[in-house]
Amino acid sequence: MLFEKAKDHLVSSAMNINEISEELGFSEHAVFTRFFTERAGISPKEFRNTGF
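Just add 2 to wherever you are in the sequence shown, counting from 1, and you've got my numbering.
Watch out, some of these pointers could steer you wrong.
As the list claims (entries may be wrong) - As a list, the in silico DMTMM-like pairs of lysine to aspartate or glutamate whose alpha-carbon atoms are at most 20 Å apart:
| hint | residue 1 | residue 2 |
| --- | --- | --- |
| 1 | K7 | E30 |
| 2 | K9 | E24 |
| 3 | K47 | D10 |
| 4 | K9 | E48 |
| 5 | K7 | E40 |
| 6 | K9 | E21 |
FYI, nobody ran anything at the bench for these hints, they're computed from the structure.
Produce the complete structure using the sequences and hints provided.
Next comes the structure, spelled out in structure tokens:
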């Protein structure tokens with residue numbers, strides 16, 4: 003569920019990665035980036051740029 007929320011924020015909001023990580027309760031954006039990359043196979047930035 004957290005991963006789905008992350009994807010939704012990346013696609014549909016103007017929030018930056020730091021803001022998204024804070025919104026989702028991560029202590030640091032690096033922890034969020036690791037979490038996201040492990041599940042998606044690409045970084046949050048790459049995910050946003052590809053327009054999934």
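Subject >> Hints violated by the structure (listed by number, smallest first) >> reply: none
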